[in-house]
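Enquirer: Residue numbers (the working numbering), protein chains in the order written: chain A, 10 to 242; chain B, 149 to 518; chain C, 149 to 518; chain D, 5 to 229; chain E, 5 to 229.
No lab work stands behind these hints, which were simulated from the structure alone. Every residue gets a Cβ at the ideal spot worked out from N, C-alpha and C, and that includes glycine. Check each hint, because a few of them may be wrong.
Chain B is faced by these chain C residues, among others (derived, beta-carbon under 7 Å) [as the list claims (entries may be wrong)]:
| id | residue |
| --- | --- |
| 1 | GLY186 |
| 2 | LEU315 |
| 3 | ALA430 |
| 4 | SER434 |
| 5 | SER444 |
| 6 | ARG446 |
| 7 | THR450 |
| 8 | GLU458 |
| 9 | GLN460 |
| 10 | ALA463 |
| 11 | SER490 |
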Amino acid sequence: GPSPAVAEQALVAVAANFTTVAEQLVEDFESSVQHSVALTTGSTGKLYAQLRHGAPYDVFLAADQERPRLLVESGLVADGGLFTYARGRLVLWGADLPAAPDWDSALEIGEARRIALANPELAPYGAAARSALEAGGHWRRLQAKLVFGENVGQAFSMVASGSAQLGLLARSSVVAFGGPSGHLVPESLHQPIRQDAVLLRRAQGNAAARAFFEYLKSPAAQRRLLESGYELP
Amino acid sequence: MCADSLHVDVELRFGSFSLRLDEHFPTEGITGIWGPSGSGKSSLLRSISGLERRARGRIAWGDELWLDSASRIFVPAHRRDVAYMFQDARLFPHLSVEGNLRFAERRAPSKGRSISFEDAVEALELGPLLSRRTTDLSGGEQQRVSLGRTLLTRPRLLLLDEPLAALDSSRRFEILRFIEALHAGFGLPMLYVSHSFEEIALLADEVLELEAGAVRSHGTAAVSFAGGARLQDASLSVLAAEVSRVDARWHLAWLEVAGQEISVPHPASFQEGDGVRLLVRARDVSLATSRPVEVSIRNVLTGRVRSVEEEQDSAFAEVTVALDGPSDAPRPLLRARITRASLHELELEEGHEVYCLLKTVSVDRALAHG
Amino acid sequence: MCADSLHVDVELRFGSFSLRLDEHFPTEGITGIWGPSGSGKSSLLRSISGLERRARGRIAWGDELWLDSASRIFVPAHRRDVAYMFQDARLFPHLSVEGNLRFAERRAPSKGRSISFEDAVEALELGPLLSRRTTDLSGGEQQRVSLGRTLLTRPRLLLLDEPLAALDSSRRFEILRFIEALHAGFGLPMLYVSHSFEEIALLADEVLELEAGAVRSHGTAAVSFAGGARLQDASLSVLAAEVSRVDARWHLAWLEVAGQEISVPHPASFQEGDGVRLLVRARDVSLATSRPVEVSIRNVLTGRVRSVEEEQDSAFAEVTVALDGPSDAPRPLLRARITRASLHELELEEGHEVYCLLKTVSVDRALAHG
Amino acid sequence: MNSADLSALGLTFRLAATTTVVLFLLGTPLAWWLSTTRSRLRPVIEALTALPLVLPPTVLGFYLLLLLSPRSPLGGFWLELTDASLTFSFSGLLIASVLYSLPFMVQPLQAAFEAVGRAPMEAAATLRAAPLDAFFSVALPLSLRGVLTAGVLTFAHTVGEFGVVLMVGGNIPGRTRVISIAVYEHVETLRYADAHRLSAVLLVFSFSVLFAVYTLNRKLPLNVR
Amino acid sequence: MNSADLSALGLTFRLAATTTVVLFLLGTPLAWWLSTTRSRLRPVIEALTALPLVLPPTVLGFYLLLLLSPRSPLGGFWLELTDASLTFSFSGLLIASVLYSLPFMVQPLQAAFEAVGRAPMEAAATLRAAPLDAFFSVALPLSLRGVLTAGVLTFAHTVGEFGVVLMVGGNIPGRTRVISIAVYEHVETLRYADAHRLSAVLLVFSFSVLFAVYTLNRKLPLNVR
Ligand SMILES: Nc1ncnc2c1ncn2[C@@H]1O[C@H](COP(=O)(O)OP(=O)(O)OP(=O)(O)O)[C@@H](O)[C@H]1O
Ligand SMILES: Nc1ncnc2c1ncn2[C@@H]1O[C@H](COP(=O)(O)OP(=O)(O)OP(=O)(O)O)[C@@H](O)[C@H]1O
Ligand SMILES: [Mg+2]
Ligand SMILES: [Mg+2]
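Please build the complete structure, drawing on both the sequences and the hints.
Expert: Okay, here's the thing in structure tokens:
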């Protein structure tokens, strides 16, 4: 990109499940330009509420499309400051995942006492997991075994700690954690988990924010996304 | 007189008990407060000190109003310049003994007005206790520290609520002398609550006797004791006397009482010409119909029987004798408690001449001071 | 005797103070404990009651070991069956007066062993206080409730730490009588700490005198007082006597002392033939060189001067008289405190015959009980 | 307020009440021991009892998940014993709440017990009260204000807590979904009206309980027992 | 531990210390008033001071966000006054922490003040100590144990709290990102090793502080002043 005369700072609010990737992106970004970017994380709902009440964030990487749309409607977003930056994928994962060809049969034969997912009310991954379970005809049967994390990260912690034996989790979490990769849930079983980014109106004059916002669309950034378990929008 | 007095006109109710009095206290002397347990002595001191907010009425120190419920005046305790030694010691447990004393001293006006820290420590023998925790002290030690702390407040009025109850008799006596000296030296007025006849008799210029919240008697010690008043069971007489001469050889002071002479052990403070008062317990007085000879009792006063009172169902009778003396002056009265058997053996009746033998003239002190 | 006694052999150190004694106490009588403030009286009671865990040594009640540091035996307070009335009342503030009394009663063994709730309430006049908060009570009221609570524990040993210090003299006297009756009625042994000479003299069979943590004297009251022992300043004599006859008309009891007779007011409890003891203060004894006549003092004992002690820098002398009596028995001793002036006027010397005039034989009680 | 919220409310108060009771049972002996011991361990234990506070609830919850999960010795043992998992159950919630609220129970109780002092306990002993008897009949009544404080703090804190509870409980409707999670969800999902309503219910209800407790506290009659 | 964590740690202790100090300043008069008043309002205020606890932290944070945002009267006034926003600033964090930890300060203090009782205060008054003097020289030292409890609970709770702080502060590195949020984030983003390390630091550090406080508390010398 064009090398700016003055180094500036941007404050980027990131949905919790994207934090690890966002940190890598920031690292890449900062090595190529003189701007610096600080990250703040939280749940999408919380960050949204804060933005509505004057939070000093320049860029918002949400975990859904709903909150960014509401921000646009409320006029807080810069013109042209909205795009989908990634698509999440759902995997069935657990410490001792039964040897099965796909997630469906793994769920059938698995003897999990508890299956963790993100709260469908709060998190897109939760909603997607629920759709997938319903579509796969598992929802009724498994309902008594389900436990819910506040977000998909917490659901992952429940599985990682061994408290839940299986979880419908974000592929990005599994990639970040390492180890076996789990069974990918077909995207056809749920609404795609699209995550939108927003450039706030207050950051229109902030070169760092603009540059980072644009950087998210770059091939380098997209490579990162793919490596980290996301799909491109 | 009113401007120089503490006027207390209060009413205070607790359930079925009520304290009600309208009295003037001298702002110079020591007033002894006496009465059975639960008669309202502590409540009276609490009202005067400003700790009892439920007290209604009027309390005035000379012109200065401390309480006037009618005009909603209430001067809080810390601004009355009154020190109050509680019946329980109430030492501060978070401070050492010295800390407790210094607490008072630091908030007191300059030394001139009363004793110094060092004097208090010395007189009350607090030296070895200074660095001790107050919670480890013995009962008597606590009481001494509490007294010291109260004195170091250097107030213009001292309220003492049974300050010596936990002390042994010899220490009690020493401290009594110290309190008296303090009073004499600084003219510090006191209200002194005690159950001990001796303490009251030794210290007090006036005596207020309470019973069930009401004043039973109030007057100068002489009147209060002599007029036939009886502080509970302790019947006694008070006689005015003058030191006529001092006998250094036998450590005796000769006193003139109603024109007659008796001798008492000579306290260092007596001077010839001093007015003193004698307190004689009725039970220390024997009667004889002829002058006794060759007996160690040397104090013999003559007089005539004024009245005889035999106690029902008891071995005792009380005989009141009007002492002989100058015919123009009123005759001082002396009470004697003897057995009814003796009374009848001696055939004592009104108007008979008798010799009063005083075995012990136990208490006495200068009448006037300052 | 050992099996029937409380054996206390303890050492207890607090900084510079140390209590150290090895004494036997009777398990039947009342032992008076006497000594200046800070001499270790309360510490002794605390050790016996089991509250003072720092006490080293051995405490045994008959065969029953309460403390034996050598073999690490320590019976905690609640299992010693000992009641302890504290110098401060220590009433439970969360319970009413009745609640405090019931607290003790509910945990006490059956009534047979000591007084009933109703008797305690009656004797200590607690009736009107029963529903009161303990924090509102006057000092004397608190002490009475605390005493009542202690008595209702119905223990086999009673430890009383200045139980009457806050009471007026008439109530004090009544309660003393009550305590004595309790002792006589139930054979309840007591250790009784007091600064009051009269209380100790009236109640105690034995007297232990402490000074700076050590035993100064310990013996039966008679020995302890009579053998020339002086409880601090109160010099006195104890004489054994027998009730020879009772004179209902004058309410007098005639007593035989060393073959001579005197009379005292007649307490209802005296029977002809009873052994009693007389306590006579030296200051209540006058001396004469011829038998006095026509005088209300009717109690005259004859004897010979055994010794004379003139006090330095004082008006007084103390004369010890060996009373006349049957030649085979040891002569009882009587002490008299007279002025040095009288001593010289009467020319009293060793061996002289004297008449002892007893004005007041203030205290006396049955020698043997049970 | 829908039925899910109602059941969450019920569960919350059941959890808070049980936690308070359990903590009284556990915290009272501990606080009493701390207030009377001369052991050198004392400041160590005192410091330890405050520690559950310094970890963020979610993090504490995470560690509790590790501790209680069926894979851990404790969780495994429990599983064998009861054939039920400790995590994601009411028992697990209870353990978590108890641990997290421990300081609120122990600290005020200890302070109150220390304020009682030696004198009344000595008096009780001389009146034949054995230590346990004396504790219940003297120390505890004299510490009433501290007991109240401990109870109120524990109860209120358990009602409001949700980090630990969410993590260990798994937010299972009707089983481990407490009211605090429900309010949180309303806020997160922008259903502010619902959030306001539920918060108001929570506040009014809690206020009533607390007000009753404090009013009663003033009016305690003098005990004759 | 990286520099971001270090700065979060520093900020945390600054926040906890400031909160504790501010709460002492506000809570002490309130607790004293509550412990001495005979007002009928008393149980109302007592119940109110416990209420911040019953709302889940995030929800309380949400309401504080509404209250403090520049669009609100209070936040707007502050903005005019200082030209800085209350939300997403240290001041905002402080207000939130103070409010949320209020019960932990007021309740133990009140219990301690009540335990002091009338007797020592009367003694102080007769020794010429004016009420304020008596409060500082008698009531406060006699309540030391309660002051300690209040301080420890407030401090520890502020260290561990993150729900309110996250909402009102916004987790801005170096400005409002406290250590509890950092640990929380490590757990949320599955960096468990980092979480363990940071938790250990937090625990060890807090333990040391608390241990020192409790040890000192035993050894307080007898005061001669
Ligand atoms: N706050 C109170 N509430 C109810 N009654 C009280 C209160 N204070 C004192 N009383 C009662 O008032 C009466 C007088 O009490 P006060 O303390 O003045 O007696 P006192 O003469 O000092 O007795 P003592 O010699 O025993 O100390 C007592 O019967 C006491 O119980
Ligand atoms: N726990 C303690 N620590 C240090 N010293 C103590 C402790 N308890 C008592 N003492 C000291 O031991 C001595 C004896 O105290 P004790 O209470 O036995 O005296 P006492 O004879 O009962 O006196 P009083 O007649 O004044 O009540 C006192 O000097 C006291 O200060
Ligand atoms: Mg009184
Ligand atoms: Mg004592």
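Enquirer: For every hint, state whether the structure bears it out.
Expert: Results for each hint:
1. GLY186: holds (5 Å)
2. LEU315: Constraint on C:LEU315 satisfied, holds at 6 Å.
3. ALA430: Violated - the Cβ of C:ALA430 stays beyond 7 Å from chain B, reaching only about 11 Å at its closest.
4. SER434: holds (5 Å)
5. SER444: holds (4 Å)
6. ARG446: The hint holds - C:ARG446 has a Cβ within 7 Å of chain B, the shortest such distance being about 5 Å.
7. THR450: Violated - the Cβ of C:THR450 stays beyond 7 Å from chain B, reaching only about 14 Å at its closest.
8. GLU458: violated (10 Å)
9. GLN460: This hint is violated: C:GLN460 lies away from chain B, its Cβ roughly 10 Å from the closest one there, beyond 7 Å.
10. ALA463: holds (4 Å)
11. SER490: Holds - the Cβ of C:SER490 comes within 7 Å of chain B, reaching about 4 Å at its closest.
In summary, the numbered hints that this structure violates are 3, 7, 8 and 9.
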